[in-house]
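Peer 1: For reference, the chains in residue letters:
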Amino acid sequence: MKKLTYPYESCWSNADELLLYLETGTWRTSRPKVDKEKCNYCGLCALYCPPQCMIDKGDHFEPNLEFCKGCGICARECPRKAITMVREE
Amino acid sequence: MVKQMRKHETRVITGNACAAYAVRLCRPDVVALYPITPQSEVVEQLTRFKADGLLDAEMIEVEGENSAMNAVTAACVAGGRVFTATASYGLAFMYDAMMQTAGFRAPVVMVNVNREIPGIHAVSAGQQDLISVRDIGWLQIIVEDDQEIIDAIIQAYRLAEDYEIQLPVMINYDGYYLSFSAEAVKIPMIEDVDEYLSILKKQPQRLKLEPGKSMGAGSHGLLQTYTELRYKHMAAMERAKAKFDAIDKEYGDFFGRYYGGQIEEYRTDDAEIILVTSGSATGTAKTVVDAVRENGQKVGLVKIRMYRPFPRERLTKVLQGRKAIGVLDRSVGFGWNCGPMYQEIRALTPEIGKVPLMSFIDGLANMDITIPNIERMIRDIQAAAEGKPYQETTWVSLEE
Amino acid sequence: MKEIRIHGRGGQGAVTAARMLASAFVIEGKYVASFPMYGFERRGAPVQAFTRVDDKPIREKTQVYNPDCMVVIDPTLLKLPTLFAGLKPGGILIVNSSNFNTQADKNLQIAGVVDATKIAVEEIGRDIPNTCLLGAFAATTQWVSLDSIIKCLSEYLSGDMLQRNIRSCERGYREVKILRWQ
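Protein chains in written order, with the numbering used here: chain A, 1 to 89; chain B, 1 to 400; chain C, 1 to 182.
Note that these hints are calculated values from the structure, not bench results.
C-beta atoms are modelled at their ideal positions from N, C-alpha and C, and glycine is treated no differently.
Warning: the hint list may mix true and false statements.
If you anchor each label on the Cβ, the simulated ranges turn out as follows [stated by the list, open to error]:
1) Pro57(C) with Glu17(A): 44 to 50 Å
2) Pro50(A) with Arg174(C): 42 to 48 Å
3) Leu65(A) with Gln142(C): 42 to 48 Å
4) Arg76(A) with Pro57(C): 21 to 27 Å
5) Glu66(A) with Gln163(C): 49 to 55 Å
6) Pro57(C) with Lys7(B): 16 to 22 Å
7) Pro50(A) with Leu229(B): 46 to 52 Å
8) Asn66(C) with Glu9(A): 32 to 38 Å
9) Glu313(B) with Asn107(C): 32 to 38 Å
Based on the sequences and whatever the hints tell you, model everything.
Peer 2: Here it is as structure tokens:
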């Protein structure tokens, strides 16, 4: 008897289940801080975020700190310079 | 031959560093490199040697592995001693170039750090990359530990450039388990390697591209010419078997380390059952064989060191007269639903007779081939030897 | 044979620590094998490194499942429920912490506790606690001398960095607090 536990026939994965799955937030050494006043809700940070962990808050975006690895791409791409990277304690 | 204790330098370095140290000792003329996990340290260390003035080679910083193989093949055909290194995706990228190298009979030496091939993305150990190129005419050697990386690379130049062989040689070692594994190794002195390889200078010199000589390399071949060239290539591969045995003995006499040639026969003399392995799992398997022998069980191990050409004659001899045989593959043989080395050993059945022959697939994509796994394989082989029903292929990590 | 498992995060020098330890043992005439296992090769991701040491050649090429000693470079890893998996009875822990004091596992008998981050920041100027923990390792396990560890550091570091790491290592040796349980 073989124990086959992977749900698919080939290397597919369900992004809804697995995209934000591993607690990579603990890997971070700095985190993005969003200035709500400067943010104009353009969504570029969310588009650029590699693991897609920017949360839509209705009038601005905020990082999902459970998964954010602190890569800083959002801060780099924000056209309003509304995001700054601050060191983790 | 007087047995002398050659001086060595002892260092604690990774398998990748071992490869770089060995290549440096062989004084290549041209080195073309592109990094890929788990081989990147080979590139870094060789580049560091060049920067420190310890390596007098022309370093070509290529933009990809396909160029790396083309560049070194061209340099080789022009008479140079060359080197490159790759793994997995890089090996795949240089596929057409590698076929060219073999067709040219260019004695290129390459390190392939074994990593799973594209298809299911894996940055992890596995032998599928070396298996995927077994039919293009390269000689393939698979090593067991860091010390053997050093010794096999030096032997590889001796083998590849031998006038009777003139074939490219691939040295394979497991990614992660050997590439990143650090042990204390003995590094020969460069003067001694010069002396060891100097025998090549005394042989008739191979054809090479030279100014003033109107020879063409890589000519178009059809019909009879093509057939004859394939025949000659295969004949050279056959000659490589005895040659490799002789080279390994010669190396042992010279440097004090001998590996058994095409295969290593470990405690096989009175063995009733045999496990065939290759690569880093061999070390683990030897530990289990020793432990099992303490309990009186007569088990032996055969390590496949030269995979291409396939060590048919020596395997036939050592596998005869056994009660059951198991073959551990760190790869799969698509098309036969078993391990590829098992598949090739199965082809020896007319000579070794019909004995229980079992395929064990384990260690794919960094699955650890653990001591309990090897104990299980030996138990299964023993059960088959005692006449119990057995399955042809066991996927060790998937079994309940 | 002794098996050592080192836990850290990428960028903290876990892999280098395993190799430095191997080098130190070799200086004392032992056989060693040391290798890392990464899930993801990047700063911050958990990484394990294994070092085996013995009086005869080591042939096993597997991960260490039953360590005699564990070295934990990042104290946040202590939260992982599986961290101590396989620790042998009588097991030793070397941990970078300012306040570790509980017998975190039933097989844990000895713990060498040192605030290696603080010492590293003071001596080296950066949070690279690995050499400090090697000093604590020597003091707690007594499997290798401080002298051998310091000797091997020069294979990996030079100049000012070497001197700073030697000081960090010596302080780890002197300042480690050794706890014992039955």
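Peer 1: Look at each hint and say if it fits the structure.
Peer 2: These are the hints, each one checked on the structure:
1. Pro57(C) with Glu17(A): 44 to 50 Å: 46 Å, holds
2. Pro50(A) with Arg174(C): 42 to 48 Å: For arginine 174(C) against proline 50(A), whose Cβ atoms are near 44 Å apart, the range 42 to 48 Å holds.
3. Leu65(A) with Gln142(C): 42 to 48 Å: Holds, at about 43 Å.
4. Arg76(A) with Pro57(C): 21 to 27 Å: 51 Å, violated
5. Glu66(A) with Gln163(C): 49 to 55 Å: 41 Å, violated
6. Pro57(C) with Lys7(B): 16 to 22 Å: Because 21 Å falls inside the window, the suggested range holds.
7. Pro50(A) with Leu229(B): 46 to 52 Å: 51 Å, holds
8. Asn66(C) with Glu9(A): 32 to 38 Å: 37 Å, holds
9. Glu313(B) with Asn107(C): 32 to 38 Å: 52 Å, violated
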